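Enquirer: Please build the complex by placing chains B, C and D on the supplied structure of chain A, with the hints as guidance.
Chains as they are written, first to last, in our numbering: chain A, 1 to 346; chain B, 1 to 346; chain C, 1 to 346; chain D, 1 to 346.
Worth flagging that the hints you see were computed from the coordinates, not collected in a lab. The structure displayed is predicted, hence computed values, not measured ones. Some hints here could point you the wrong way.
Copies of the same chain look alike in the list, so a pair counts if it fits in one copy or across any two.
Said to hold, decoys possible - The calculated lysine-lysine pairs, modelled on BS3-like cross-linking and capped at a C-alpha distance of 30 angstroms, are: (1) 2 x 46; (2) 208 x 307; (3) 2 x 77; (4) 222 x 307.
There are 4 protein chains.
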Amino acid sequence: MKALVYHGPGKKQLEDVPKPEVRDAGDALVRVTKTTICGTDLHILKGDLPTVAPGRILGHEGIGVVEDIGAGVGRFKQGDRVLISCITACGKCEYCRRRMPSHCEQGGWILGNTIDGTQAEYVRIPFADTSLYPLPLDADEDAMVMLSDILPTGYECGVLNGAVQPGDTVAIVGAGPVGLSALLTTQFYAPANIIVIDLDDNRLEVAKQFGATAVVNSTDGKAVEKVMAMTAGKGVDVAIEAVGVGATFGICQDIIGPGGRLANIGVHGSSVTLHLEKLWSQNITITTRLVDAVTTPLLLKTVVAGKLKPAQLVTHHFTLADILKAYDTFGNAGRERALKVILTNP
Amino acid sequence: MKALVYHGPGKKQLEDVPKPEVRDAGDALVRVTKTTICGTDLHILKGDLPTVAPGRILGHEGIGVVEDIGAGVGRFKQGDRVLISCITACGKCEYCRRRMPSHCEQGGWILGNTIDGTQAEYVRIPFADTSLYPLPLDADEDAMVMLSDILPTGYECGVLNGAVQPGDTVAIVGAGPVGLSALLTTQFYAPANIIVIDLDDNRLEVAKQFGATAVVNSTDGKAVEKVMAMTAGKGVDVAIEAVGVGATFGICQDIIGPGGRLANIGVHGSSVTLHLEKLWSQNITITTRLVDAVTTPLLLKTVVAGKLKPAQLVTHHFTLADILKAYDTFGNAGRERALKVILTNP
Amino acid sequence: MKALVYHGPGKKQLEDVPKPEVRDAGDALVRVTKTTICGTDLHILKGDLPTVAPGRILGHEGIGVVEDIGAGVGRFKQGDRVLISCITACGKCEYCRRRMPSHCEQGGWILGNTIDGTQAEYVRIPFADTSLYPLPLDADEDAMVMLSDILPTGYECGVLNGAVQPGDTVAIVGAGPVGLSALLTTQFYAPANIIVIDLDDNRLEVAKQFGATAVVNSTDGKAVEKVMAMTAGKGVDVAIEAVGVGATFGICQDIIGPGGRLANIGVHGSSVTLHLEKLWSQNITITTRLVDAVTTPLLLKTVVAGKLKPAQLVTHHFTLADILKAYDTFGNAGRERALKVILTNP
Amino acid sequence: MKALVYHGPGKKQLEDVPKPEVRDAGDALVRVTKTTICGTDLHILKGDLPTVAPGRILGHEGIGVVEDIGAGVGRFKQGDRVLISCITACGKCEYCRRRMPSHCEQGGWILGNTIDGTQAEYVRIPFADTSLYPLPLDADEDAMVMLSDILPTGYECGVLNGAVQPGDTVAIVGAGPVGLSALLTTQFYAPANIIVIDLDDNRLEVAKQFGATAVVNSTDGKAVEKVMAMTAGKGVDVAIEAVGVGATFGICQDIIGPGGRLANIGVHGSSVTLHLEKLWSQNITITTRLVDAVTTPLLLKTVVAGKLKPAQLVTHHFTLADILKAYDTFGNAGRERALKVILTNP
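Okay, chain A solo, but in the shape it has when bound:
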């Protein structure tokens, strides 16, 4: 079958590889019908993630159709249309039982990382009963792909950890796909103000269309000043970090009001400076989280009900055969005005 294979930093190739098979009792073999590319895939290609070995098929998002199942799979059968979660959950270990399958002893984020992923015609999904979801009837398939990773990520790591309440003032730093996912799902809770901060005017424009009540281009280094002015000097109730660098985490620290919550989503490559000399007395909460994807059932319900419209995150479509082109587009997101790209396996 065709698959996008990682061959070490900077190297990837669409090539023919053997079709995977059901191996363990809990496995499902899924024919991937739609997948996408994640910012994390770009990090892998830079060589930032040593857990990803050369030869690995990338990708941890997508939808498809069950082709085969192991003897222990009870909730899916051949022909079922499914959503693939980016988090593989054994459902049995201490962490899965604490509703924290991101740290599952045998699963977690393994797809396109320590086992082969979804940027392929077929993918083997371990612990299928607890790692796949039935697609709702009449589901918008593009929308569904957004539920594999970025929407639960924005919602769980940003919105739920930020404990957004009606009437709150929320700042989201970073308007990429994950920041925008936080923007969409923060509106579940009727905050009074949502301020989105980014360096890219196009993305800020998108943020406004997606519901931001104010946007700030931080290129001039005055984001903190502006947000403090908008909040009459009190700071925000919730600051969501959706970039993953020290500068943006710093903005979050500087704008958070007393009693506020700073929810980090960003994948950080370096340590940051935490200003405890100021913050020790500010009664704040800082959270980190690798997505657990335990809210996927909830998010599915909100999509079916029309409360959440994730398809608006999709800007480009390609076939799987054109995946290298899709990587180019997604890798130049600013220039291409790209958010998420959909890859179809016809």
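Expert: Chains B, C and D only, in chain A's frame:
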């Protein structure tokens, strides 16, 4: 009256000053019968707290008897025996209503800071109805003094923010009076293991007597290694920082397990390094807090019921006249094996 | 001044009474500019509330302008435009500190009950600092009157106690003003389905306009059957009782799914049958609550932000002089298609 | 093998039946080494539970040794010593994922109910990976048997649902094994007062030994009066119902203070009267729950740490061969001063 007056960095004096008077409708004038010295008072004397102006009477802890009240005081009358909270709460502002009077618009920590404090024969307490508590009948007075500050501090900033649960493994870094207060109150929640870490063997010995199930002297730089071994490499559920320097905050980061809570109590003078490159995916929560003292009624009940025995924190007694000697003892806590010193105004 | 005075069951009169005055340090005298009539006022007139003595001025909702203040009032001054809360909060007692001023030792619901109320030209408000709110600039005044009672009631007793979550299925039994307030505020949390049940087709039509995703006329006694069919036999996540009789509480019991929350808002005059023989194993939560009005600041923010539009609850306008006519209209709500009536004191 | 078989109301027999076998991939076959009798077994024998068909082997508690496993079992192997949970959890359905396996689509309470149970030499345990727990090394085996059902029941349905806080006043109505389990585990949270109410002086004496701070014999019908006197008329913070009849649920309603929580554990056979005409305004929470046994890992930790000593609940020992005698003793608990009886399969 006699009072301990701050005269700038390194300078303090017990001197005669005018007795305070009721000034505002909400004020109570309290004759202080017992007070104590806080680590924060030593910080003030080092010149670390610019909000404290020369001429200020220090002290924010104590018990006493109401001598006079303003027209608006409804819950206390002359002769009432009272506990003085270190936090003055107007009860009306946004922060007081959010149960966060640490940031009260007119109050917060002002005693012995921006207004005259309790290391004196008399003290004026603004917003008395919401800043004083009736002493329980037959209360152990030494125990009560511990409820002004260190017990709510250990409990709210450490234990409650750490969300200690039955069966948890809790590490407390720092076995000074506040760390020991966290140690006493963490036992409200039946944790399975309580590991206390400090540089001082005497304090660790005290920690064992107070309920620590294991102690670690971190002088050899191997505290992290030892705690990880004790937890089979998983790390702790809750790490409570009760020192206020980068090194101890660093230990907390290194021993916290996935899904864990790091509750900072320490007053930090400098920024610290936060290892987000490791922690971003660890689903942890970091909290900071200036004590709100909203749990004082709860703590009073646990003392009356004998579930909490704060008098064990008191190691030395002096009269107010000997306060300079008391400062010497408390300032050399290691050598003197001092925890809290009680100053009596006979 | 003119005021609507209760003279025992069935008797009320608009009459001239002495203008109230500031009496205690915490009082404010407010000139009422707009008020309204509550279902509770009708109950009083039926003689259902023995706490209301003949001679009492009715009314516990409204907005106005501060005319005078007592010596202890610090947050308001003459001329301030204010929202009057139906709950008077001393801000100091145990219950106020637990954020439960409904049970305030000196306050709670006293306006138009144990002290004179707002259906008058002037009203005395005790504990003004914690019982009044500044009106936002440019506030829609009709909308503001809805914040005195019914919106916090629907939100706190129904939505918050029901712990509505995104994706939930919520049933609201009773589409009167309070049930509709629950309907408006439940949408803060993006439930997937909101089913409203009532006997009156007109009110169900209004419910649809206000955001119900389904409505059920329960006249035929088949409401339970219909709701179970709508939920594929699983029952609802949240059932909100907004009537106050056994039959509607019974519907709530019958439609609540395992793990569900039944939030009672209704004022009940009799005991009800609780089917513990069925419910003991259903992991449900039943709550009751007299509104605390602690969410008024939150609700004000959502109104200012346009997330909540309470003015749609207002169907009729009268002058205070015409209050008897207003009572007629409100007392025949079904026939008059009345929700809330606004009384203006020009 | 030998097993205690139910043959319809009033009829039970110890008889030879075929040894069960592993049937499904997730099954484990466990040789039962210790089991016990539950109050529910007595209910079954009275014919109260129509789900239990004649021919059924009773029993849903016990410990044992794994003899055989199905192909899908990953966390246990032959020879492992295990604790059997009274709740069988598939780990995959909606309810298991919501941490509510009491309502598991394929499990829940099925042992000794809809499938054969533990009062036998061997038992087949479906979904073994999520329904068994490894016994801690050196575990007190009698103590472990108490973790199958009554301790999680007392803790989850009573203490956790009651949200007991330090300093609280807790009343427990019913001092049978489950009420005493609530008594033991409520002490995890340092309540100030624990009042136990029962009709049996012996059980009240036991309650005192187990930590009750006050006991009330309700034979004289004055329990409510006495509890109200003990609480200065305010009522209790938490009332735990551990009997399952209208009279005891009525006591709980009468003693609950404003803002209090009423946690029902009792298995009710009839509806009860709920006094909403009084309670609608009291801001109370009533909960019901079939035990989920999701806190078994937590409880195991507290037993290992010595914070919980369940063996004190065991009053009598028998061999499995003497199970009829054991039923006699347990069935006459008052006369025999029996709490829990242990049955050993040598």
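Enquirer: Hint by hint, note whether the structure agrees.
Expert: Against the structure, the hints:
no.	hint	in the structure
1	2 x 46	within (23 angstroms within a copy, 66 angstroms between copies)
2	208 x 307	both (18 angstroms within a copy, 16 angstroms between copies)
3	2 x 77	within (24 angstroms within a copy, 40 angstroms between copies)
4	222 x 307	between (34 angstroms within a copy, 29 angstroms between copies)
Checked against the numbered hints listed earlier, the structure breaks none of them; every hint is satisfied.
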